[in-house]
Amino acid sequence: MGLYDDFDIKKNMKLKSITFYVLLIIFILFLCEIFLMNTYLRLLIKNDFVNAFNDVDIIMGPVTPTPAFKRGEKTSDPVEMYLEDIFTIALNLAGLPGMSVPCGAVNNLPVGLQLIGNFFDEARLLNAGHKFQQATDWHLKTPTGI
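The working numbering numbers the first residue of the sequence shown as 3 and each following residue consecutively.
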């Protein structure tokens, strides 16, 4: 009598199959929960912008938290590179139109002005960007600090 004589291969395979499907269902439910939580957060961000656009036509702010940096300067730190986009994430999550126009320079490196428009109001946003460029000449200058 061998060590594995009482081992039923069909029973073991069935148990492994059931375990696989239970784990698959748990994983799918976990993904659904993450999706629903993210959808809720997007809704909160969108509602904040809707409330803001009850009082204003366009929201203006910086494109990045710091002025531009020299080419290749921050490639060693991906987190720092990611944080340069932090001010553009909210409008992307809300699904709002946005644009960036040059508005100055720091140490001969460009600084961008972000314009955020209301839902389906791209014409007003483009008009504001055009008017800003007519009033300034930053879009004609070439950065020398690169």
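Don't take each hint at face value.
Straight-line distance between alpha carbons at most 25 angstroms, and here's what the computed DSS-like set of lysine-lysine pairs gives [as the list claims (entries may be wrong)]:
1) Lys143 / Lys133
2) Lys72 / Lys143
3) Lys76 / Lys133
No lab work stands behind these hints, which were simulated from the structure alone.
Given hint Lys143 paired with Lys72 - CA-CA distance at most 25 angstroms: 17 angstroms, holds
Pair hint outcome, Lys76 versus Lys133 [Cα-Cα no greater than 25 angstroms]: With a Cα-Cα distance of about 33 angstroms, the restraint between Lys76 and Lys133 is violated, given a limit of 25 angstroms.
Hinted pair Lys143 and Lys133, Cα distance within 25 angstroms: 17 angstroms, holds
Violated hint for the displayed structure: number 3, the only one.
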